[in-house]
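Trainee: Given the sequences, and given the hints that come with them, work out the whole structure.
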Amino acid sequence: MNIKLTNISKRYNHEWIFRKVDHEFKGVYNYVILGANGSGKSTLLQVIA
Numbered sequence: 024m025n026i027k028l029t030n031i032s033k034r035y036n037h038e039w040i041f042r043k044v045d046h047e048f049k050g051v052y053n054y055v056i057l058g059a060n061g062s063g064k065s066t067l068l069q070v071i072a
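My numbering puts the last residue of the sequence shown at 72; the count rises by one with no breaks.
Just to be clear, a hint being listed does not mean it is correct.
[As the list claims (entries may be wrong)] Each computed BS3-like pair below joins lysine-lysine, with the alpha-carbon atoms no more than 25 Å apart:
hint: 1; residue 1: LYS43; residue 2: LYS27
hint: 2; residue 1: LYS43; residue 2: LYS64
hint: 3; residue 1: LYS64; residue 2: LYS49
hint: 4; residue 1: LYS64; residue 2: LYS27
hint: 5; residue 1: LYS49; residue 2: LYS27
These are computed hints drawn from the structure, not numbers from a lab.
These numbers were taken from a predicted model, which means no experiment stands behind them.
Mentor: Below, the structure is given as structure tokens:
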């Protein structure tokens with residue numbers, strides 16, 4: 024199964040967490056989302072869900 028993100032954005036308190044993100048996750052690969060605390064990893068997964 025593929026997941027395609029097109030032009031997704033998220034703001035929190037007038038601050039962009041991520042803006043105009045495009046990406047395609049292909050089902051044949053494993054992915055890791057890495058980043059510091061507060062960098063938007065959980066927010067990205069919530070938007071995808």
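Trainee: Now look at each hint and say whether the structure bears it out.
Mentor: Results for each hint:
1. LYS43 <-> LYS27: Holds - the C-alpha atoms of LYS27 and LYS43 are around 13 Å apart, at most 25 Å.
2. LYS43 <-> LYS64: Holds - the C-alpha atoms of LYS64 and LYS43 are around 16 Å apart, at most 25 Å.
3. LYS64 <-> LYS49: Judged against 25 Å, a Cα distance of about 19 Å means the pair holds.
4. LYS64 <-> LYS27: holds, 17 Å
5. LYS49 <-> LYS27: This hinted pair holds, its Cα atoms lying about 8 Å apart.
This entry satisfies every hint, going by the numbered hints stated previously.
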